[in-house]
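Protein chains in written order, with my numbering: chain Z, 703 to 928; chain V, 50 to 838.
Here chain V is said to cover these stretches of chain Z; the calculated rule only asks that three of the stretch's residues, wherever they fall, bring their Cβ under 8 Å from a Cβ of chain V: (1) 714 to 722; (2) 810 to 816; (3) 894 to 908.
Don't read these hints as lab results, they were simulated from the structure.
Owing to the predicted nature of the structure, the values given are computational and were not obtained by experimental measurement.
Using N, Cα and C, we set each Cβ at its ideal position, and we do this for glycine too.
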Amino acid sequence: MRVGVVTFPGSLDDGDAARAVRLAGAEPVRLWHADADLHGVEAVVLPGGFSYGDYLRCGAIARFAPVMTSVVEAARAGTPVLGICNGFQVLCESHLLPGALLRNEAQRFVCRDQRLRVETSATTWTSEFAAGQEIVVPLKNGEGGYVADEDTLDRLEGEGRVVFRYVGPNPNGSRRDIAGVSDPTGRVVGLMPHPEHAVERGYGPSTDGLAVFTSLVAGALTGVLA
Amino acid sequence: MSLDPTPASRTERAAGARVAVDSVRVAEATPDIVQPWAELGLRAEEYDRIRDILRRRPTAAELAMYSVMWSEHCSYKSSKVHLRRFGDATPAALAKGSTTMLAGIGENAGVVDIGDGWAVTFKAESHNHPSFVEPYQGAATGVGGIVRDIIAMGARPIAVMDSLRFGAVDHPDTARVVHGVVAGVGGYGNCLGLPNIGGEVYFDPCYQGNPLVNALCVGAMRHEDLHLANATGLGNVIVLFGARTGGDGIGGVSVLASETFDVSADGSSGPSKRPAVQVGDPFREKLLIECCLDLFHAGVVEGIQDLGGAGLSCATSELASAGDGGMRVALEQVPLRDPSLRPEEILMSESQERMMAVVRPDRLEEFLTITDRWEVEASVLGEVTDTGRLEITWHGETVVDVPPRTVAHEGPVYERPYARPDWLDARQADRAEDLPRAGDADALRAQLLDMVASPTLCSRAWVTDQYDRYVLGNTRMATPDDAGVVRVDETTGRGIALALDGNARFAALDPYVGAQLALSEAYRNVGVSGAVPIAVTDCLNSGSPEEPGAMWQFAEVVRGLADASVELGTPVTGGNVSFYNSTGDTAIHPTPVVGVLGVLDDVDRRIGSGWAEAGLALYVLGVTREELSGSAWAGVVHDHLGGLPPRVDLAAEQLLASVMLACSRDGLVDAAHDLSDGGLAQTLVEGCLRHGTGARVWLDGLRERDGVDLTAALFAESAARAVVAVPRSEEIRFTDVATARGLPHVRIGVTDDAGGPDGSPVLEIGGVGMLTLAELRAAHEGTLPALFG
Chain Z
703 MRVGVVTFPG
713 SLDDGDAARA
723 VRLAGAEPVR
733 LWHADADLHG
743 VEAVVLPGGF
753 SYGDYLRCGA
763 IARFAPVMTS
773 VVEAARAGTP
783 VLGICNGFQV
793 LCESHLLPGA
803 LLRNEAQRFV
813 CRDQRLRVET
823 SATTWTSEFA
833 AGQEIVVPLK
843 NGEGGYVADE
853 DTLDRLEGEG
863 RVVFRYVGPN
873 PNGSRRDIAG
883 VSDPTGRVVG
893 LMPHPEHAVE
903 RGYGPSTDGL
913 AVFTSLVAGA
923 LTGVLA
Chain V
50 MSLDPTPASR
60 TERAAGARVA
70 VDSVRVAEAT
80 PDIVQPWAEL
90 GLRAEEYDRI
100 RDILRRRPTA
110 AELAMYSVMW
120 SEHCSYKSSK
130 VHLRRFGDAT
140 PAALAKGSTT
150 MLAGIGENAG
160 VVDIGDGWAV
170 TFKAESHNHP
180 SFVEPYQGAA
190 TGVGGIVRDI
200 IAMGARPIAV
210 MDSLRFGAVD
220 HPDTARVVHG
230 VVAGVGGYGN
240 CLGLPNIGGE
250 VYFDPCYQGN
260 PLVNALCVGA
270 MRHEDLHLAN
280 ATGLGNVIVL
290 FGARTGGDGI
300 GGVSVLASET
310 FDVSADGSSG
320 PSKRPAVQVG
330 DPFREKLLIE
340 CCLDLFHAGV
350 VEGIQDLGGA
360 GLSCATSELA
370 SAGDGGMRVA
380 LEQVPLRDPS
390 LRPEEILMSE
400 SQERMMAVVR
410 PDRLEEFLTI
420 TDRWEVEASV
430 LGEVTDTGRL
440 EITWHGETVV
450 DVPPRTVAHE
460 GPVYERPYAR
470 PDWLDARQAD
480 RAEDLPRAGD
490 ADALRAQLLD
500 MVASPTLCSR
510 AWVTDQYDRY
520 VLGNTRMATP
530 DDAGVVRVDE
540 TTGRGIALAL
550 DGNARFAALD
560 PYVGAQLALS
570 EAYRNVGVSG
580 AVPIAVTDCL
590 NSGSPEEPGA
600 MWQFAEVVRG
610 LADASVELGT
620 PVTGGNVSFY
630 NSTGDTAIHP
640 TPVVGVLGVL
650 DDVDRRIGSG
660 WAEAGLALYV
670 LGVTREELSG
680 SAWAGVVHDH
690 LGGLPPRVDL
700 AAEQLLASVM
710 LACSRDGLVD
720 AAHDLSDGGL
730 AQTLVEGCLR
740 HGTGARVWLD
750 GLRERDGVDL
760 TAALFAESAA
770 RAVVAVPRSE
780 EIRFTDVATA
790 RGLPHVRIGV
800 TDDAGGPDGS
810 PVLEIGGVGM
820 LTLAELRAAH
830 EGTLPALFG
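Please work from the sequences and hints to get the whole structure.
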């Protein structure tokens with residue numbers, strides 16, 4: 703399975719996302735922001751970082767990169783897309799996911815090992831988890847407070863589209879402790895914490911994050927994607 | 050400030066009025082014009098020397114260049130005669146140890162071999178004065194500058210560290226500096242995608258007006274990728290690339306770093322020097338990193354020089370000096386953010402995120418394709434010549450025509466007078482060992498709690514949680530463990546360990562010993578992490594070199610480090626000096642901050658600092674002496690600084706490190722934590738809190754063997770010691786190894802995950818009592834959040 707990992711100017715965790723894809727048994731394909739060609743990949747990861755320096759607003763400029771036009775098109779046609787941290791911000795700015803991410807409530811960048819609850823296994827990126835399972839992966843961001851209007855939040859909850867929730871003290875002021883959400887199909891998922899930094903024993907607090915990537919691969923193998 | 054003998058106002062210039070430029074021709078025609086050499090920080094004799102070198106008066110641009118390159122910060126004019134000791138000591142250190150150096154002092158950063166064809170380069174640099182004036186930008190550009198040094202060597206930066214020192218926590222100005230500096234280090238480093246893997250934070254009133262911000266960067270490369278910057282090859286082109294040049298940081302080097310500035314009683318500085326601090330853009334720097342690595346990879350550059358302090362003045366003169374010919378540069382080709390900048394301002398500007406490359410003409414097109422790909426602006430400024438001179442023109446007029454070595458390397462060298470301060474005898478006689486000690490268990494328990502909660506010893510998580518330690522995915526260990534450990538080779542697991550340490554209180558009591566203790570501590574931190582220490586870098590922060598006492602302290606620090614580097618077999622591969630860290634008559638403690646680099650064949654063999662399970666045997670390695678002077682106990686409990694620092698025992702440090710290496714390779718210990726600030730008590734508390742597993746400890750055996758009382762057993766800061774947690778199954782093998790090597794070891798207790806009345810984990814120390822980990826954690830971790838929010 704070929705999985706695209708996009709590099710924007712200022713992407714930082716692109717190498718880590720590619721490593722996670724590889725460890726999950728798929729082949730990472732590096733995609734360049736200025737190249738609209740997705741090179742036939744079957745899924746796309748938008749990695750963490752500070753694309754375009756986070757200038758204007760996180761993810762606001764990346765959204766207009768040539769590669770994003772193709773990613774949005776592909777996502778609408780059913781290609782799975784995962785947005786991590788800055789990638790989540792890009793997905794919100796691209797309107798593939800609802801809501802927005804604001805500066806952390808404490809007004810500080812925070813890096814810590816974060817406990818999360820996987821709220822649903824009914825997405826392409828969480829099928830290998832059990833619903834309700836708790837995992838620990840790194841969280842590192844300055845603007846990770848998830849917000850949306852109450853109606854949207856109610857709808858996300860009602861449709862089972864809250865994918866990850868913070869457990870314990872809320873690290874950034876996210877509404878309803880939401881750490882990650884999906885689109886209505888469950889193929890497009892965005893989250894602030896970094897599962898790609900919890901895929902290798904000894905590098906990160908756990909290997910809990912690997913299942914995000916193996917979910918994708920397992921889904922492809924069992925033909926769920928077909 | 051205007052350097053031009055016929056100044057014009059900025060509005061005139063901006064309006065496009067073509068102002069007569071102070072060219073070489075004009076200088077020859079107007080030899081007697083009075084020039085502002087004093088305002089630029091030059092001494093009369095230095096100005097005269099420039100006139101002698103040029104056999105005429107310098108142009109404004111030349112004066113700018115010489116003044117900034119002959120400043121203390123760039124020329125090392127007061128430290129050079131002492132720093133020679135490091136170079137002189139290198140052959141002996143190499144002969145004694147096992148290090149292979151690929152590049153040493155004099156390059157942007159030292160480079161050492163770490164095996165399997167890998168090389169590592171690392172260096173620390175100070176950004177102290179800017180960080181007081183403008184804490185966020187000062188600290189941010191400190192990180193940016195040291196990262197560019199590493200890139201220029203051809204290496205990919207793989208981690209950063211920082212050593213921060215602030216004034217008293219309760220001083221009204223401290224929070225401003227703390228917030229700005231921490232946010233600046235984080236804001237820049239996080240956005241660059243470099244894991245911050247450790248460092249130190251201290252508070253002491255002596256840093257009130259002179260905070261210290263020392264940033265370290267480490268990079269890795271294959272041997273064949275090592276690049277040294279020089280302008281060789283007649284006809285090769287000189288390309289400036291990266292950010293545009295603006296008016297920020299003009300004179301930053303000579304005005305900020307080389308001159309003590311006065312602070313009024315209310316803590317505010319006098320007339321604003323703010324414009325002299327550079328402004329950083331980490332996003333641009335991230336692009337520059339990737340761009341430079343691509344350029345090196347494609348083989349399209351002969352060399353790359355970073356632009357840091359002294360900007361183009363430094364880059365052009367250093368590149369030309371290192372080459373074999375000369376260099377010609379057309380200054381109007383420099384892309385500007387501010388079109389009104391004059392040639393001398395362009396030469397002095399310290400705008401960040403810029404690099405200069407030497408490129409063969411036939412590779413220029415490929416070069417520009419790569420810079421375009423990264424959206425990095427590039428401009429051809431000139432070429433390598435065979436004239437032996439550095440010639441800089443401005444719209445066709447020659448404004449600089451100098452022998453480059455006289456700018457870059459042959460600046461003034463001073464043998465500053467130095468003398469041991471008179472007050473030192475009295476201070477050394479005022480021993481902390483004579484201070485009153487706690488009389489009973491309750492008093493000891495209270496002291497221990499006060500100490501772990503004190504700003505000196507409390508958890509640094511409030512600071513370090515603002516830094517990304519995970520990015521790049523190779524961080525095997527980071528703060529609060531003893532050393533940062535990073536994987537370099539993903540296939541084999543080969544990697545490095547790094548520690549950055551200093552104890553200025555010890556250096557204040559005896560700078561020679563204090564410097565050696567700083568090196569000892571960093572060496573020990575690398576050693577107990579299971580790595581082989583191989584090289585040293587340093588940041589030497591001092592008061593004014595014009596004050597004989599401060600100069601003596603500096604000389605002693607260098608002598609101490611050089612001597613110890615030989616004995617430990619770890620060469621000093623590079624370093625940095627920061628003078629003039631004084632406000633009024635008050636100087637900082639001499640503060641040598643020392644970085645030690647170690648190698649691990651496989652970073653999975655690294656040893657962490659905390660124990661994670663019950664039933665492990667705890668041993669203290671090394672000997673505890675009645676050494677309380679300069680300790681955290683003396684400072685926190687008694688607000689006291691006097692006496693003689695702990696004894697240095699480099700052979701014992703080597704022995705400890707070699708036993709720890711054996712433990713790492715054979716998997717004999719589960720955890721190891723060095724003993725330093727706060728002594729054994731602090732080490733035990735940290736070892737317990739790391740993973741929330743407690744311990745029960747009895748110190749009778751240690752006290753009997755070493756002949757010390759409970760206060761010394763708990764709080765003495767004797768060197769060459771560590772605590773290890775040994776699985777029962779390995780205990781015999783472990784003690785056999787320690788015995789065979791002659792390393793003193795004494796069993797002091799066991800780890801335990803229960804023990805409290807409610808079954809919760811506790812730290813129980815015989816003669817002190819029981820402390821629940823919950824109360825220790827509250828005390829240890831609550832301090833900085835309470836102070837700084």
